[in-house]
Every structure is written in structure tokens, then in C-alpha cells.
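Residue numbers (our numbering), protein chains in the order written: chain A, 4 to 636; chain B, 435 to 543.
Since the hints were derived computationally from the structure, they do not count as laboratory data. Virtual Cβ for every residue (Gly too), placed ideally from N, Cα, C. Treat the hints with caution; some may be incorrect.
Some chain B residues judged to face chain A by a derived CB distance under 7 Å, without partners named [claimed, not checked]:
#, residue
1, 465
2, 466
3, 470
4, 537
5, 538
Restraint-style ranges between C-beta atoms, simulated for each label pair [stated by the list, open to error]:
#, chain 1, residue 1, chain 2, residue 2, range
6, A, 611, B, 439, 40 to 50 Å
7, B, 451, A, 631, 48 to 58 Å
8, A, 611, B, 440, 45 to 55 Å
9, A, 611, B, 455, 30 to 40 Å
10, A, 34, B, 514, 50 to 60 Å
11, B, 527, A, 631, 37 to 47 Å
12, B, 503, A, 631, 29 to 39 Å
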Amino acid sequence: MVASIPYITLAWLVPAFPLLGFLITGLAKNRLKNNQAGILASTLVSLSFLISVLLFFTMKSSGQESATLTLFNWISAGDMKIPFAFMIDHLSIIMMLIVTGVGSLIHIYSIGYMHDDERVNTFFAQMNLFTFSMLLLVMGANYLILFIGWEGVGFCSYLLIGFWFKNPDYNYAARKAFVMNRIGDLGFILGIILLFFTFKSVSFTEVFSQAATLQTGAPMITLITLLLLVGAVGKSAQIPLYTWLPDAMAGPTPVSALIHAATMVTAGIYMIARSSILYNLAPITLNIIIVIGLATAILAAIVGLRQNDIKKVLAYSTVSQLGYMFLALGLGAYSAAVFHLTTHAFFKALLFLGAGSIIHAMGGEQDIRKMGGLKKKMPVTFLTFLTATLAISGIPPFSGFFSKDQILTDAFENNPVLYVLALGGALITCFYMFRLLYLVFYGNQRLSTSHPHESPRVMTIPLIILSVLSVFGGFLNIPSLFGGDSGFSEFLHKTIISKITAELDNTTEIGLIIASLILLGLVILLAYRTYVKKAVVPAKDGEKISVFGRIIANKFYLDEIYSAVFEKPFGFLSDFFYNQIETKILDPIIDEIGILTSRLGDLVRKLQQGIMSFYFFAMVAGILLFIIFILIV
Amino acid sequence: MKEISSAIQLIPLENYIGLSVALFSIGMMGVLFRRNTIAILMCLELMFNSVNLLLTAFSAYHSDPSGQVFVFFIMIVAAAEVAVGLAIVVMMKRNVDSVDINLLNRLKW
Numbered sequence: 004m005v006a007s008i009p010y011i012t013l014a015w016l017v018p019a020f021p022l023l024g025f026l027i028t029g030l031a032k033n034r035l036k037n038n039q040a041g042i043l044a045s046t047l048v049s050l051s052f053l054i055s056v057l058l059f060f061t062m063k064s065s066g067q068e069s070a071t072l073t074l075f076n077w078i079s080a081g082d083m084k085i086p087f088a089f090m091i092d093h094l095s096i097i098m099m100l101i102v103t104g105v106g107s108l109i110h111i112y113s114i115g116y117m118h119d120d121e122r123v124n125t126f127f128a129q130m131n132l133f134t135f136s137m138l139l140l141v142m143g144a145n146y147l148i149l150f151i152g153w154e155g156v157g158f159c160s161y162l163l164i165g166f167w168f169k170n171p172d173y174n175y176a177a178r179k180a181f182v183m184n185r186i187g188d189l190g191f192i193l194g195i196i197l198l199f200f201t202f203k204s205v206s207f208t209e210v211f212s213q214a215a216t217l218q219t220g221a222p223m224i225t226l227i228t229l230l231l232l233v234g235a236v237g238k239s240a241q242i243p244l245y246t247w248l249p250d251a252m253a254g255p256t257p258v259s260a261l262i263h264a265a266t267m268v269t270a271g272i273y274m275i276a277r278s279s280i281l282y283n284l285a286p287i288t289l290n291i292i293i294v295i296g297l298a299t300a301i302l303a304a305i306v307g308l309r310q311n312d313i314k315k316v317l318a319y320s321t322v323s324q325l326g327y328m329f330l331a332l333g334l335g336a337y338s339a340a341v342f343h344l345t346t347h348a349f350f351k352a353l354l355f356l357g358a359g360s361i362i363h364a365m366g367g368e369q370d371i372r373k374m375g376g377l378k379k380k381m382p383v384t385f386l387t388f389l390t391a392t393l394a395i396s397g398i399p400p401f402s403g404f405f406s407k408d409q410i411l412t413d414a415f416e417n418n419p420v421l422y423v424l425a426l427g428g429a430l431i432t433c434f435y436m437f438r439l440l441y442l443v444f445y446g447n448q449r450l451s452t453s454h455p456h457e458s459p460r461v462m463t464i465p466l467i468i469l470s471v472l473s474v475f476g477g478f479l480n481i482p483s484l485f486g487g488d489s490g491f492s493e494f495l496h497k498t499i500i501s502k503i504t505a506e507l508d509n510t511t512e513i514g515l516i517i518a519s520l521i522l523l524g525l526v527i528l529l530a531y532r533t534y535v536k537k538a539v540v541p542a543k544d545g546e547k548i549s550v551f552g553r554i555i556a557n558k559f560y561l562d563e564i565y566s567a568v569f570e571k572p573f574g575f576l577s578d579f580f581y582n583q584i585e586t587k588i589l590d591p592i593i594d595e596i597g598i599l600t601s602r603l604g605d606l607v608r609k610l611q612q613g614i615m616s617f618y619f620f621a622m623v624a625g626i627l628l629f630i631i632f633i634l635i636v
Numbered sequence: 435m436k437e438i439s440s441a442i443q444l445i446p447l448e449n450y451i452g453l454s455v456a457l458f459s460i461g462m463m464g465v466l467f468r469r470n471t472i473a474i475l476m477c478l479e480l481m482f483n484s485v486n487l488l489l490t491a492f493s494a495y496h497s498d499p500s501g502q503v504f505v506f507f508i509m510i511v512a513a514a515e516v517a518v519g520l521a522i523v524v525m526m527k528r529n530v531d532s533v534d535i536n537l538l539n540r541l542k543w
């Protein structure tokens, strides 16, 4: 037993609490009244959070970098030995804090948001199951436990997207998310199998210590990292598998906040950051990640410009921000990616919860063209939403500024072209976020029938806490330029090995920041002039718009292309196999076999007369024949 | 033990084999041609015991006790079998008032 962190033995409680909550709320869902399920679920997740905080501080004070808690031997077959173990190190403790911290805030918020839903107990059961799976994912000490969590969160995501299953569109969205994730999962599990073949182990510590001896760019390692990347692309909604995430907004808004913004979709980022040692050995894969990340960041941001559903805008913004994280991963700046993941979890959860508060106030209306003038009616929601918008746009000193700036600087060190493209994406992000803000909160109220009101306290308090985090979260990692110590990155560097070593000189960096700030200011001004001064309201669905506008509004027709290229031929092929091969060839053959057997049975039935002496005789004759046969042969 | 083994070995092995074969054949004939269920059960016992005899004889000649241990197992199984078999016979007698084996063909499907 290696020296370990004090209280490490408590680590198993962190996932155990949500599991307990799932079992209680799930099994007793017909008995729990009013808010009981919500309060129970929130309390249990908060307890997990407290234990995570305890572990974090004991870990910091003890100076230990990682500790493993083995619960039991899970699989033991031949030379495959996989213990059911948790690994707590600097990366997983940060993820645990995010999952349980943001998770408990969203659970509390959901008590208010879901209070009049008839299946509220089921909702909390599924949310707790999700939290449990996500914790397995980030705490697992080997790829197989990570994979269980990975599948678990995918399944819970399916359940929760289709939570209002009476609407067939929502069901379709849930299935789409599930299928898209499966495509990624296939690559992921192939990657794990290949890992086992190469290293004869799936445990993180063993794989990484063996990988250190491998050569950079070895074909095997490239293949493994590519397959793992396929999984990450599916889970983290990158091109070409991102189309499920915008549709996933069919679920209740807290679900979008927790699963499709703050935690589950970051699983891919976590997994790649966790495997940083492998990825550092595969420069080809890293380049592919850069291309995927950058393309996703920009494409999704462009699509976000033309969306009119408040949640769809945020969904595309999530895809785009995940693209930035991928870009950082591809550049080898893993800690920057995880830092952006952290700040993004704060401000994107806040944006979604704010959107939920607005939707709640508008009585279920999600179309931003019908909102407007909510600033006075919902002051708390407005202020918190404003801080989140400033944070995501990268305005200092809000958290998004520090995390995004770090990625942009890393991009500049690698290649100025990357920097320009990434900055372009950031400007578009800024524009559509302010477009959203202005359309929703400024101007006149465009839907006269509704009477918006501020949400109850159980919903606004999580908003306020998250908004404080969005404002000050960036101070976790102040770069040396501003006299900080990059505490967050330093903390992570003990676990994950970043590739970038070169440092920009201060003048260049300050120049870059000033340039980007001026551009951001101009973009905000442009959005202000368009949507507040001129009070432009986006065109109605039927109205004619320019060709480009139409292409963007239709998300580059990607859904249609996928449908034409994959879905339709698949459906056609299935139909063909069913109508022609199955019913006309296979079914008759199977039927004939069955009929033949029963005919033969009829023939042989005559032997079974029920006369005991005959049976004896047959038996003795048989034995005699057998003996004769043995004697002759 | 030693004396019993040597006592068994006083008689040549062929005699044991001959006796066993005779007993076994008688038993088999009985099973095949008798219709009385009780007689059939007795013939079955006869076959068992002919085999037991052979096992004991061989075991003594080989000086290997495992054959004799095996005989005990066969006896236990045979006792259990008789218990079940006789119970069936009793039930037969009660239900059809006969122990003729061929009446059992009523049980067929």
C-alpha cells in the first residue's frame, strides 16, 4: 500500500450518495410527496460535494499527487486483472468538484423548476443516476470503469432528453443522441481493447508508465489515440458527430445545464486530458484534434448566429466552446482545456439555468423573437445572465477571459493562423451572445399575452452562486502576465503533462489581448446598434432571407445531409432486407425446418408404445450392439 | 482383511467370472421376459449383485480396496432404487389392482 491521502477511504462515498439517492427516489417514486424527492436528491449530491471538498483540501495539504482506492477485484480472467478501483488525483478531484458542485446547484434549482411536473420523482432519480455515472467516469482508475461511467451517462442522457416522452419529436431527439453516442462509443471500446492488447492492462498508471517507453508516432499508439478520439468526438459533440447536442435541448432545462453543458459533454475532454501521455506520443492525432476543434468552434458559432430558440443558441454555443477545448487539447495545452472546461461549467450552467428561469417566466415560450423587455421584470435573472454573457464572451476580468485567453495564446504560439481563426470564432460567440441578451432583456415586450415574473428563491440562489463563480472563477488561474501564479495549471501539471513549453514575451501577449479586447468591444457595439438601437427582430420563419442566412439558419443542412447519406439508405436497406429477404426467403426456410422436425417426430413417435418390456429389450439390444461394435472395430 | 483376501483367492478367478456372467444373464432374462414388476425388480437386484461380486473378486485379486469401496456405493444406490421402485409398485397395485408391467403403457402420452 502506497502512502495515501488522509480520508481517501471516504472516496467511495462520493459516488455512493447519488447511487443511494437514485435507489431511494427511484424505488419509492410513488410514495414521495411534494418536494421530498428533490430535497433528498439535492442533499445527497451536496454531501458528495462536501466529501470532495474535504478530499481536495486534505490532498492539497498532504502534498500527495494521487491515490488509489481499490474496492474489490472485479474481473480476473487469465492475465486480465481489473480491480474495481477509484483513482483520486489532481485532475479527477477537479472534475469531482465540478460534477458535484455544479450538480448540486442544478439539483436545487430543479426543485423549483420541476415542482409541478407529474414525474418529478423519476426526474430526480435519473438525475442522481447521472451524477453517479459521471462520478464513476471521472474517478475510475482504469479505462474500463471510465467506460462504464461513459455508457451510464450516455444512457441517462437518453432518458432525460426523452423525459417528456409523450412528444414524438423529443423521443426522436433522444434516440438521435443515443445513436450518435453509440457511434463514438464503438470507437472508444475498440480503443480500449487495443490498449489492452498493447499494454496488457487498462489501468491508467500501468498504461502510462509503459507508454513512456514507446516511441513518438508509433503506428499503434496513433491508432489507439485515434480510436479514443472517436469516442471523445461523439461524447463531446464535435464535428462530425455534433448534431445530437442541439436536438438534446428537448430535455428539461436543468438537464441541458447539467448534462449537455457542464458535465457529460466534457467527458471527452476529460478522457483526452487523462490520456495526455498517450496523446503526446501521437502528433498526427493531435493535429487532427486541432482541425476538428477549430472547425467545430467556428462552424457552431456561425450556426448560433441565426438560431431563434434560446436553448438552441446556448446549445450551439456549447458545441463551439467544446471546440475551443478540443483546440487546446490538440495544441497539447491540456491544462488550458481543463481550465476552460471548469469556467465553462460555471458560466454555461448559469446561462442554461438563466434560460430556464426565463422559459419558466414566459410560460414555456422558448422563441427569443417573442421575448424582450425582461430586464425590469426579472432583475436577478438579468444580472446573472449578464455576468455569464460577459464571461463567455471573454471580457476581463470575468472567468471566460482568462481561460479563453490562455487557449488563444497557446494557439498563437503554435501558429498565428490558428490564432486568427480562433479569435474570429470568439468574436462570433460574443456577437450571438449579446444578440441573445439584447433580444431577451432589452426593448419592448413582444408577447403581450404573458406576464413574466421573477423566479422563486430556490431557483435564483443557485443562479447567484453560479454567477459569483463565473465572475471570479478566472482568478483560479491568473497567468504570470498579470502577476498571478497560474495556480490551476500548476496544480494540474502534476497529473497531466502538457506539451507547450515556450512562453510568449509579455509585449506580444499584451498586444494580443488589447487587440482582441478592441475587437470584442466593436462586436458588442455592433450587436447593440443592431438589436437595441434599431431594434431588429430576426425574421419570422416564413419570411425571405438571403441565401447565406438560409444556409446558416438551416445549420448548413447537415441534418438533411446526414439523413440523405446515412439515414435514408439505411432505412431503404432495412426495408429491402425485411420485405424481400426476411419475409420471402428466410421466413419460409425457418418454417420448413420446423415443419420437417415435427413430421420426423411423428414418425419416431410410434416407437414410444409405453410397453416396458420393449424398452428393456431395446436397451439390452443396444448395449449388445455397442459391445459388438467395440469388439469388431 | 488379509485373510479374507487370501480366502477369496483360494477359488480361481474364472469361477467368479463364470458365476457372475450366469447371474447377470439370469437377471437380464428375468427383466426381459417377466411381466410381474416385483420379479423384474428382483432380477435387477440380481444383476447388481452379479456385478458387485465381480468387482469384489477383481479387487481382491488386484489387492486394491477401491473396488470393494465401490461396491458399497452400488449397494447404497441400489437400496435407494428399491425404495423408489417398491413405492411405485405399491402405487400401481393401489391404482390398477395389478403389478403387470405392461399396464404401465397407460402412462404414455
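Hints, one by one, checked against the model:
With its C-beta approaching chain A no nearer than about 5 Å, residue 465 of chain B sits inside the 7 Å limit, and its interface hint holds. Against a cut-off of 7 Å between C-beta atoms, the interface hint on residue 466 of chain B holds, since the closest Cβ of chain A lies about 5 Å away. Hint status for residue 470 of chain B: violated, given a least beta-carbon distance of 11 Å to chain A, over 7 Å. Of the supplied interface hints, the one on residue 537 of chain B is violated, with its beta-carbon coming no nearer than about 9 Å to a beta-carbon of chain A, more than 7 Å.
Look at residue 538 of chain B: its Cβ gets to within about 6 Å of chain A, closer than 7 Å, so that hint holds up. The hint said 40 to 50 Å for the Cβ distance between residue 611 of chain A and residue 439 of chain B, and at roughly 48 Å that hint holds. Range check, residue 451 of chain B to residue 631 of chain A: Cβ separation about 19 Å, and the 48 to 58 Å hint is violated. Hint check: residue 611 of chain A to residue 440 of chain B, Cβ distance near 52 Å, so the stated range 45 to 55 Å holds.
Distance hint for residue 611 of chain A and residue 455 of chain B: a CB-CB separation of about 32 Å, consistent with the stated range 30 to 40 Å. At roughly 53 Å, the beta-carbon separation of residue 34 of chain A and residue 514 of chain B lies within the given 50 to 60 Å, and the hint holds. Between residue 527 of chain B and residue 631 of chain A the C-beta distance comes to about 39 Å, which sits within the given range of 37 to 47 Å. Separation of residue 503 of chain B from residue 631 of chain A is about 32 Å and conforms to the stated range, judged on CB atoms against 29 to 39 Å.
The structure does not agree with the numbered hints 3, 4, 7 stated previously, though it agrees with the rest.
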